Amino acid sequence: MATTTMTMAKALNEGLRRAMEKNPKVLLMGEDIGRLGGVFRITDGLQKDFGEDRVIDAPLAESAIVGTAVGLAIRGYRTVCEIQFDGFVYPAFDQIVSQVAKLRKRSDGVYTMGLVIRLPFQGGIGAIEHHSESPEVYFAQTAGLRVVSCSTPNDAYWMIQQSIEHDDPVVFCEPKSRYWEKGEVDLDNPPQGLFDAVVRREGHDVTVLGYGSTVKTLLRAAQTAANEGVSLEVIDVRSVSPLDFETMARSVEKTGRFVAVQESPQTASIGSEIVAELTQRCFYSLRAPGVRVSGYSVPYPPSRIEDAYRPNVDRILDAVDRVMGFES
Amino acid sequence: MATTTMTMAKALNEGLRRAMEKNPKVLLMGEDIGRLGGVFRITDGLQKDFGEDRVIDAPLAESAIVGTAVGLAIRGYRTVCEIQFDGFVYPAFDQIVSQVAKLRKRSDGVYTMGLVIRLPFQGGIGAIEHHSESPEVYFAQTAGLRVVSCSTPNDAYWMIQQSIEHDDPVVFCEPKSRYWEKGEVDLDNPPQGLFDAVVRREGHDVTVLGYGSTVKTLLRAAQTAANEGVSLEVIDVRSVSPLDFETMARSVEKTGRFVAVQESPQTASIGSEIVAELTQRCFYSLRAPGVRVSGYSVPYPPSRIEDAYRPNVDRILDAVDRVMGFES
Amino acid sequence: MIDEELVQLLSPEGERVAHPEYESSLGSNEVLGLYRDMVIIRRICNESTSLQRQGQLALWAPVQGQEAAQIGAGRALAPMDFSFPSYREHGVAWCRGVPPEDMLRVFRAVTTGGWDPQKYRHSVPTVVLGNQTLHAVGYAMGVQRDGAEEAVLTFFGDGASSQGDVLESFVWAASFNAPVVFFCQNNQWGISTPSSVQSKIPLYHRAPGFGFPGVRVDGNDVLAVYEVTKRALESARVGGGPTLVEAYTYRIGAHTTSDDPTRYRIDAEVEVWKHRDPIERVKALLAREFKVKTTTFDEIAQEAERLALKLREDVLAMGRPDPITMFDNVYADAHPLIDEERREMIELGVSGGPS
Amino acid sequence: MIDEELVQLLSPEGERVAHPEYESSLGSNEVLGLYRDMVIIRRICNESTSLQRQGQLALWAPVQGQEAAQIGAGRALAPMDFSFPSYREHGVAWCRGVPPEDMLRVFRAVTTGGWDPQKYRHSVPTVVLGNQTLHAVGYAMGVQRDGAEEAVLTFFGDGASSQGDVLESFVWAASFNAPVVFFCQNNQWGISTPSSVQSKIPLYHRAPGFGFPGVRVDGNDVLAVYEVTKRALESARVGGGPTLVEAYTYRIGAHTTSDDPTRYRIDAEVEVWKHRDPIERVKALLAREFKVKTTTFDEIAQEAERLALKLREDVLAMGRPDPITMFDNVYADAHPLIDEERREMIELGVSGGPS
Ligand SMILES: Cc1ncc(C[n+]2csc(CCOP(=O)(O)OP(=O)(O)O)c2C)c(N)n1
Ligand SMILES: Cc1ncc(C[n+]2csc(CCOP(=O)(O)OP(=O)(O)O)c2C)c(N)n1
Ligand SMILES: [Mg+2]
Ligand SMILES: [Mg+2]
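One line per chain: the protein sequences are A, B, C and D, in this order. Mapping of the first sequence onto the numbering used here: residues 1 to 328, in sequence order. Mapping of the second sequence onto the numbering used here: residues 1001 to 1328, in sequence order. Mapping of the third sequence onto the numbering used here: residues 2001 to 2355, in sequence order. Mapping of the fourth sequence onto the numbering used here: residues 3001 to 3355, in sequence order.
Think of the hints as simulated: they come from the structure by calculation, not from any bench. Owing to the predicted nature of the structure, the values given are computational and were not obtained by experimental measurement. In this text, a Cβ means the ideal position worked out from N, Cα and C, and glycines have one as well. Treat the hints loosely; a few may be bogus.
[Stated by the list, open to error] So these bits of chain D aren't anywhere near chain C, every CB distance computed over 12 Å:
#: 1; residue: 3018
#: 2; residue: 3021
#: 3; residue: 3102
#: 4; residue: 3148
[Stated by the list, open to error] Listed below are several chain B residues computed to face chain A (Cβ distance under 7 Å; list not exhaustive):
#: 5; residue: 1005
#: 6; residue: 1006
#: 7; residue: 1007
#: 8; residue: 1102
#: 9; residue: 1137
#: 10; residue: 1245
#: 11; residue: 1268
#: 12; residue: 1283
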């Protein structure tokens, strides 16, 4: 088994490279992705190796990036669109919701919307406004899309390839604050299916769930809790739409308590969905109501105070305390 | 007390007229709203009476309708933007999420985003694609916006005025399938605050909650249930963001069971939010998990089969049966 | 209508008009073919309007007055070209071979599409104004990458010309020199909004500002539309890049059957344009110059009649789809939520079962 | 840079250039004022860059090379006019009276705004490319409704020119004949994307296609920028409608301090543009024609130095805001969820209490 250590950024780069080698129809398109290699260097070197026709430096307009990717999909290409930052996906919202999500249906299955929208998301990098948002919720609400997020280099490497190969449009959310963290990547075998949630750490008192950059925070919280004698089971949600409720429910049936954690504001969020659905699935096993820890219901704050906005170990453990305090 | 009977369409028209009379800074802007009076005739006669400078027939571009309304707000005007149909709000999504929702904050409270985005929403009128959607969920998820929906002519008359007067941007969702239904309008006194949920029918077995066109369906379901000996309490949610959980929890504390109904797909929806929050607030009173009845997780279907997509009395009562079947 | 800028090859009276840059390349049979197309599509349109009046269609978007624009453009396409319509291009769909009943499925409200877009190389209807123009540019970028000598034609209205997507598609087409032709039917109205609200100057002037040519053609002159579009497509196919064609025409009917145009425009304007009927002027040419006989015209009318009759039958035969079909083709493969909801619908008994 | 289309009143060497339509209206003191503005804003920019290098700012977007474009445009504004910037218009903010420390608050990451936009009649920074151009048009529509003789000036880059919002703002400005001037700083780069990707022809050509005039001005010639912008604003104020001004200039520095321009452009290009420095050419004029003495230049340099020093002190004094402030000014009045979350934060003890 060939495993090697690399950053998530490099793993994405390698995953893209492998997808492009395997399938000549795979294109990359986005702002500054060519010569510059993208502002995060995720596409570094790819234009040099695959040419300007396959790694396309786009004029600056997101609706057009996604809209032309739709046309390319109709022509049989698979375009991986890079949106430079989460907060710049909204100009493309109309194309995503009205076209990308609906064209397979509208064409009675004739069109394959084989395209991936890469979205560096969530905060934690000390950036200015619009560079730290969590728009995955909007896309999860939209029928016709699939939305996934990686939390490790290995997942990054495999999930980007699986997303490109998948015949449905995938919104691929990359936790930008983890781009430079290293991990083992198995170059031979994918860890699991693209839409599977994964237990990252076993535990028996409370299930904590999250995705993207939050997973590492959950693991830290679990470590701290363990020191205090509380055992957390950590689930990496991975697929935000569809959600893998089977894996989640299996854990909650066992623990009877859960906390869903996310950076997005709370209202009608992924956390809300998880709480609503798990409550229904595990009602008789629940010893406390499921609790959410979310970004606050305000525009993402200036980054000097973003640490107080993003769910951190303290807030997670506070919520754990609350669900542990309930008695059934 | 001056009450009079009129359709919801007329009530909106009268409400807009009164707001324009009261405040010369109130403008209307949208596609075909002038000479034509809008495709639903909500603005009928207003351009004739208030002139082309106050009732503005816009070029066809939603981002510009909302974006210029932002500029007008900075200049001290209050613009009521009409988006012709729900499915055409997405080109304006970027302006709504990145500007309308955030400019008060960004300007440290100096800018008042006094604008209303009128959105004929939900299905049930036999229309073609993009004319029957429920995008309120996207806006409820967005910090900085308020989102309301009227279900009666009286609410329509008052809520539109309250929305225009409010200093926050309001997404005003109008259940287009109810435009032509008549009801009593009290021309003197508003029924209640803009952000209050209302109990439309009292009951003790199960609380059913919904908004917009769904409310009437809930009342019908309650009537049918009553005939079968089941007593439903019907709550008109009215304010989708913020949600009035106090009123809802009061009811659920009493009934111990609830069903949240909506036309939007289920994932990360208003129903999910209601279930998640009420579960937490009423955990010890709940005799069954809260259940959602939603539009299916597919693009809104061709209207010949929309009745099978939209939550109807059968599906609501089926859900009521399910929560009644649980035993605690 | 005397307009220096307008390419015209046939006067409203059906007289040939000389133009310094364009001349008609079509012989008798081909012109007769265009005439036949226009007569048929008008008949289909009228049948659809009455089907709607009789409650058999949820809606109809009439094409009357725009037949020359649509048939001229549609026939200028080569078989391997691809076209991206909005919602009113029934004439183009006809040229591409889309069966009339397929055009009506959307309006019967039994589908959101209606035909196989790959089979006819004509995309599905696009209702959100302007979205399709970006798809056309993207498709054209695919054509470039395939090294194919194909062109792409996309349609939008004077109203849609104000949408960001249409304008971005101009930027992109120019930036990538994409083999795409933008065909704007300026029928002078976007529902109740006159085209002067979208632009105070002719729309085709926009193109040069983006770096590619724009041409205004008499949209009621099928010979001119054909030649202008054909040349633009040919140029696109051989690397000449995009062209904007503005077909100056008029929407004689209502925006859709839900619309009441008497609320916003005067009859006199409509009457003026009725006298510029696109079908009559070709008929005059055919009769005078090509000596086409009355019987030929009659045969075409009868053919159109038969098609209309068949269309009516086909439409009436379109039943309500099984609701369970709403779950089909949303995703390419298994999706747990869809599966669960499909099961729920079956349990509720509102469906005949799995489709 | 010999370009027939470019309005230039001062050569790179600081010699007067005659232009058939424009001439400089400014006397010695006024030109010296522009020089002073440019020197100061460059010094502020350099100070900010070093503050960022020292970890005192999260980011900085340099303005070097674009001082003439920004100062010329900013000084052309009348006091009652209103301006809508993107994120790089420090020079314009300076002209509007925004205190330098306020410009840096965003970059210190302690706010998303920084100054009172109504007080300075200069809107808050807009990071989402192009959004502000529609705000400007809307504001201008308000000016029209007030019957005021004011104009609106809005800024965007060559990169942003491809965004639908900017293009829609052209449509709207033309349709409503709004008193707005679009000021495009074509600094030839949008991060790593050369402006040729956005348009193969000069950007100011776009305007006539929308029905209003476009002018290209030498963006490194402060006299020309001033006159061109002033005339456009005057025309707007008296009902002449919109104008697009393209200031042809160059971004000497990095896109932001996060950017590494050596990855995508060659030094030689930068060197060429350094020789077209906007400050040096005015200095040459001042020295030669207006006989301004070295001591005067020295005094200005010293003033800039003092301002930079004060700026540094002000920035260092900007502490971390109390996190509780994130709940302020989200809504105009009570909001149950905000109240609850504010309480939660206080209970968690991460805040000093209600703000
Ligand atoms: C984004 C969007 N906004 C609004 C509408 C509603 N609408 C449908 S057709 C139409 C007018 C379009 O006019 P034009 O582009 O000239 O096309 P025509 O109908 O004249 O063929 C409008 C406003 C829509 N379909 N899409
Ligand atoms: C909608 C949107 N997409 C992407 C970005 C990221 N971005 C920030 S600046 C920039 C380049 C802008 O270039 P230009 O408009 O020429 O302005 P300049 O930076 O040269 O002043 C990009 C792509 C953004 N801010 N907004
Ligand atoms: Mg039209
Ligand atoms: Mg630039």
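### Per-residue hint verdict: residue 1245 of chain B, partner chain A, C-beta under 7 Å
violated, 11 Å
### Task
Test the statement that residue 3148 of chain D is away from the interface with chain C: the closest C-beta pair must be farther apart than 12 Å.
The assertion about residue 3148 of chain D holds, with a minimum of 23 Å to chain C.
### Task
Have a go at the residue 1102 of chain B hint: is there a Cβ in chain A nearer than 7 Å to its own Cβ?
holds, 5 Å
### Task
Verify the interface restraint on residue 1007 of chain B: the C-beta must sit less than 7 Å from at least one C-beta of chain A.
violated, 30 Å
### Query
Against chain A, with CB atoms and a cut of 7 Å, does the hint on residue 1005 of chain B hold up?
violated, 36 Å
### Query
Does the interface hint hold: is residue 1137 of chain B within less than 7 Å of chain A, judged Cβ to Cβ?
holds, 5 Å
### Task
For the hint on residue 1006 of chain B, just tell me whether its beta-carbon gets within less than 7 Å of chain A.
Status violated, d = 33 Å.
### Query
In terms of Cβ atoms, is chain C entirely out of 12 Å range of residue 3102 of chain D?
At about 32 Å from chain C, residue 3102 of chain D clears the 12 Å cut-off, so the statement holds.
### Query
Is the Cβ of residue 3021 of chain D more than 12 Å away from each Cβ in chain C?
holds, 21 Å
### Query
Hint check: is the beta carbon of residue 1268 of chain B less than 7 Å from a beta carbon of chain A?
holds, 4 Å
### Task
So, residue 1283 of chain B near chain A? Judge it on the closest CB pair being under 7 Å.
Holds, because the Cβ-Cβ distance from residue 1283 of chain B to chain A comes to roughly 4 Å (cut-off 7 Å).
### Beyond 12 Å from each Cβ of chain C, as asserted for residue 3018 of chain D
For residue 3018 of chain D, whose nearest Cβ neighbour in chain C is about 28 Å away, the distance exceeds 12 Å, so it holds.
Taken one by one, the earlier hints fail for this structure at numbers 5, 6, 7 and 10, listed in ascending order.
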